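> In my numbering, the protein residues as written are 1191 to 1909.
Hints in this document: simulated from the structure, not taken from any laboratory. On a predicted model such as this, the values are computed, not experimentally measured, just so you know. C-beta: ideal position from N, C-alpha, C; glycine also. Any given hint might turn out to be false.
What the hints assert, rightly or not - Restricting the straight-line Cα-Cα distance to at most 30 Å, the calculated cross-link-like pairs of lysine-lysine (DSS-like) are:
hint	residue 1	residue 2
1	Lys1902	Lys1529
2	Lys1902	Lys1866
3	Lys1815	Lys1866
4	Lys1902	Lys1886
5	Lys1617	Lys1702
6	Lys1886	Lys1866
7	Lys1770	Lys1529
8	Lys1689	Lys1760
9	Lys1689	Lys1702
10	Lys1529	Lys1676
11	Lys1702	Lys1760
12	Lys1672	Lys1770
13	Lys1815	Lys1886
14	Lys1676	Lys1617
15	Lys1529	Lys1617
16	Lys1529	Lys1689
17	Lys1902	Lys1815
As the list claims (entries may be wrong) - Computed beta-carbon distance windows for the label pairs:
hint	residue 1	residue 2	range
18	Gly1709	Ser1847	43 to 53 Å
19	Gly1446	Arg1909	54 to 64 Å
20	Leu1240	Val1703	46 to 56 Å
21	Ala1812	Arg1401	43 to 53 Å
22	Val1232	Asp1339	17 to 27 Å
23	Trp1319	Asn1397	19 to 29 Å
24	Arg1494	Asp1889	40 to 50 Å
25	Arg1557	Leu1772	23 to 33 Å
26	Gly1709	Thr1885	48 to 58 Å
27	Pro1883	Ser1862	21 to 31 Å
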Amino acid sequence: MPIFLLLASLLNLSCAHGAKSADPLPTIRDRVERQVLESVPVADQPTWALAEIASYRSHELPDGSFSDLDYYDQQGPHWGPVETLGRAFTFLLATRLPGSPYFDDAAIRELGLRAIRFYASRAWWHYNWWTMEIGMPLVTYRILAIYGDRLPAELRDALLAATRMGNIVTHPSRWPVTGANAIWYAEISIALGAIDGNPGVIQAASNAIARELRQGNREGIQVDYTFYQHGPLFYNGSYAISFLASLPNLAESLAGTPFAIAKANVDLLTDFILDGELWMAQGSIFDYSSQGRTYARVNGASVRALLPACVTMARIPGGRQTEFQRCAETLADGTTRFKLGNRLFWKGDFMTHNRAGFGISVRMNSRRTLNSDTSPNGEGLRSEYLADGMNYVYRTGAEVANIHPVLDYFKLPGVTMEVLPAYPPVKDNNYSPHYGATNWAGGVSDGDVGLATLDFRRTGLSARKSWFFFDGGMVALGAGVKSSGKYPVVTTLNQEWSKSPILYATAADPAKVATLDSGTTAPAALKWAHANDVGYLFVGENEATLKNEVQTGSWRLLGFQLPSTPVAGKVASLWLNHSKALDHYAYAVLPGLSTAETAAASDRAPFTVLSNTTDVQAVEFAGAKMVEAAFFSGGELRWGNSSLESNRPAAVLFRQSGAGCSLTVSNPDQVSRSVKIRWRYCPDGQACAAADPLTKTVDFVAADEKLADRSKTFAVSCR
1191 MPIFLLLASL LNLSCAHGAK SADPLPTIRD RVERQVLESV PVADQPTWAL
1241 AEIASYRSHE LPDGSFSDLD YYDQQGPHWG PVETLGRAFT FLLATRLPGS
1291 PYFDDAAIRE LGLRAIRFYA SRAWWHYNWW TMEIGMPLVT YRILAIYGDR
1341 LPAELRDALL AATRMGNIVT HPSRWPVTGA NAIWYAEISI ALGAIDGNPG
1391 VIQAASNAIA RELRQGNREG IQVDYTFYQH GPLFYNGSYA ISFLASLPNL
1441 AESLAGTPFA IAKANVDLLT DFILDGELWM AQGSIFDYSS QGRTYARVNG
1491 ASVRALLPAC VTMARIPGGR QTEFQRCAET LADGTTRFKL GNRLFWKGDF
1541 MTHNRAGFGI SVRMNSRRTL NSDTSPNGEG LRSEYLADGM NYVYRTGAEV
1591 ANIHPVLDYF KLPGVTMEVL PAYPPVKDNN YSPHYGATNW AGGVSDGDVG
1641 LATLDFRRTG LSARKSWFFF DGGMVALGAG VKSSGKYPVV TTLNQEWSKS
1691 PILYATAADP AKVATLDSGT TAPAALKWAH ANDVGYLFVG ENEATLKNEV
1741 QTGSWRLLGF QLPSTPVAGK VASLWLNHSK ALDHYAYAVL PGLSTAETAA
1791 ASDRAPFTVL SNTTDVQAVE FAGAKMVEAA FFSGGELRWG NSSLESNRPA
1841 AVLFRQSGAG CSLTVSNPDQ VSRSVKIRWR YCPDGQACAA ADPLTKTVDF
1891 VAADEKLADR SKTFAVSCR
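Use the sequences and the hints to build the structure in full.
Here it is in structure tokens:
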């Protein structure tokens, strides 16, 4: 049975989405309880949390505290009192799951109650408002939902007091909180209102949901389905995942009651998931570039985090249930991609390019967007360069899963950077995000293919960079790489877990295939390389370095509260070394090729670099009858008897399909302008008519953010 049908049949919710109850609070309370219980699918119940429960039992002391927890250190993410409540919840939930070996187990129940008694015996306080007003109430309301009526009065009162700390009505000093934080408050308050018999709290929570389920707020869902948190910071992973972990359940809890979420808001939630979030599901991984600081969490980017949202949304009437059912199957499978094509998230300075066998993304940064962040607990201490053109290459997701403790943060894929003697220290373990240095970051996309482009500037370092996507992968160009610093500058092609030797050949001896099983080599004039089922082609002169070695590190490097246990693993890396003479680069990344196919592609490349200057970067894909071009300052591009010209800066995609042609244009710096595109297209070297080139004027109006950098596609004449 498909997983979505299995889960839906197991959930068997009794709510009638259209009928309104005369007394909605019992209905909402029952739904909240059911959702908490059914957060563990029946199929998982026999083995759910067995290892955790065994560990918790071994550490629980007679007073209900745990010997492995620190109850006074407030710097780490696992503060003792909240962790104690979390373990109590695990014990009690196990006793409520019919498929669990601990179902109705009195001994396990007593362990949970004992932990709650310990919590209730003291007055706890944490310096971080989130912990007291969101983190702790998220746990206490769940305990109350599944066990509240069975608790002794004094324990129930203690948990209610903690849950009331998350009351959406009683914290005006926090408002307007936004995005995931607002939805967490709403989640707590809906449960609290139902348990505590307070409809006013539920109404306030419903109002808050309505405020968040709209586009264009400073934080939350943007017009292109980018998600912002902590300002204009790209956070479609992490915070958006938390946002979606709550909202479908809340919509379902309130359906058919006076507090129901409006259909227009539910429709936006639907579109945000299906037309936004799922573009970033890359096999088993939800794109690390969307995670913000939470790349620093073990297994913190699993696509399965979105699975409950798709399962719940498949039950909510809205017209796209079939897509949500397929979404649930795809995410549960964890090896395929739900969305295929190319998508530019222009509000987030992010592009993703997905095919059945691979996905490639580019994360950029501009004067409009922040690069990354940490939190007061010091999480994400290697975040400085993650928006400088970070270029993950996914096949299944396993190639980069949990690689970050051993990653060389001066060899980030896609990034041009200065290799410093040491990573810049983070002041007070609290990295503050910053805006990019230029407006030019974005690209153009017709939904199938596209290009991303970046005018990269960092103190003392600059380059014009573009990534050109096509069916087989990506071509990357860089020009004008300049540095005023004294340290080496590199551009990295990739860095991922190694599962095989790196094979390569040079331009001087292309028939000789060399092998790098372990170590580092710097072959002169590299022609191609192959590593981990990915082919790499090098265009023109280059000074490349290949590395296939064990790298070591620890999670502590990414967050001072994380384990310092050494982590090691073999990593394959490829990068280009720059100098004044080598102030440019051109290479291709072709996932899914064998070594032989890579060697053959190097002799008959499926692309031609037409221009790689600081004015124009362009690539022709002759087989696809397509040209992609980034005009940084306007100009003319010629190839054969064809030409393409832009009078002003623009990103342009020109394609022939059958007898017709299309022109797609965008405005990566998002300023108001009219762009005139002129073209003459003569495929396969055909002679062109003597008439003037055809022209098209495209208007971009930055004041209308829905149009400012949206790619615009036109059917145009071919000649």
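> Next step is simple, just say for each hint if it's right about the structure.
Do the hints match the structure? See the list:
Of the supplied pair hints, the one linking Lys1902 and Lys1529 holds, its CA atoms being roughly 21 Å apart against a limit of 30 Å. With a CA separation close to 13 Å, the supplied pair Lys1902 and Lys1866 stays within the 30 Å bound. Our distance criterion of 30 Å between C-alpha atoms is met by Lys1815 and Lys1866, whose separation comes to about 22 Å. This hinted pair checks out: Lys1902 and Lys1886 have alpha carbons roughly 12 Å apart, not beyond 30 Å.
The suggested pairing of Lys1617 with Lys1702 is violated, with an alpha-carbon distance near 50 Å, which exceeds 30 Å. For the given pair, Lys1886 sits about 6 Å from Lys1866 by alpha-carbon distance, which is consistent with the 30 Å threshold. Between Lys1770 and Lys1529 the CA atoms are separated by roughly 42 Å; this puts the pair beyond 30 Å, and the hint is violated. About 8 Å separates the Cα atoms of Lys1689 and Lys1760, which keeps this hinted pair within 30 Å; it holds.
The suggested pairing of Lys1689 with Lys1702 holds, with an alpha-carbon distance near 22 Å, which does not exceed 30 Å. Taken as a hint, the Lys1529 and Lys1676 pair is broken in the structure, with Cα atoms around 44 Å apart against an allowance of 30 Å. For the hint linking Lys1702 to Lys1760, the alpha-carbon distance of about 25 Å falls within 30 Å, and the restraint holds. As the CA atoms of Lys1672 and Lys1770 are separated by approximately 7 Å, the hinted pair is consistent with the 30 Å bound.
Distance restraint check for Lys1815 and Lys1886: the Cα-Cα separation of roughly 20 Å lies within the 30 Å cut-off, and the hinted pair is therefore satisfied. As the CA atoms of Lys1676 and Lys1617 are separated by approximately 24 Å, the hinted pair is consistent with the 30 Å bound. Only pairs whose Cα atoms come within 30 Å are accepted, and Lys1529 paired with Lys1617 is rejected, the gap being roughly 40 Å. Between Lys1529 and Lys1689 the CA atoms are separated by roughly 27 Å; this keeps the pair inside 30 Å, and the hint holds.
A hinted pair counts as satisfied when its Cα atoms are at most 30 Å apart, and Lys1902 with Lys1815 qualifies at roughly 19 Å. Between Gly1709 and Ser1847 the C-beta distance comes to about 47 Å, which sits within the given range of 43 to 53 Å. Roughly 60 Å separates the CB atoms of Gly1446 and Arg1909, a value that falls within the hinted 54 to 64 Å. At about 49 Å, the CB distance of Leu1240 to Val1703 agrees with the hint of 46 to 56 Å.
For the pair Ala1812 and Arg1401, the supplied restraint of 43 to 53 Å holds, since their beta-carbon distance comes to about 51 Å. With their beta carbons about 23 Å apart, Val1232 and Asp1339 fall inside the hinted range of 17 to 27 Å. Separated by about 21 Å at the C-beta atoms, Trp1319 and Asn1397 satisfy the suggested range of 19 to 29 Å. Between Arg1494 and Asp1889 the beta carbons are some 44 Å apart, a value that agrees with the proposed interval 40 to 50 Å.
Taking 23 to 33 Å as the suggested C-beta distance range, the pair Arg1557 and Leu1772 conforms, at roughly 29 Å. The beta-carbon spacing between Gly1709 and Thr1885, approximately 56 Å, falls within the hinted interval of 48 to 58 Å. Our hint of 21 to 31 Å for Pro1883 and Ser1862 holds, since their Cβ atoms are close to 25 Å apart.
Comparing the model with each numbered hint stated earlier shows that hints 5, 7, 10, 15 do not hold.
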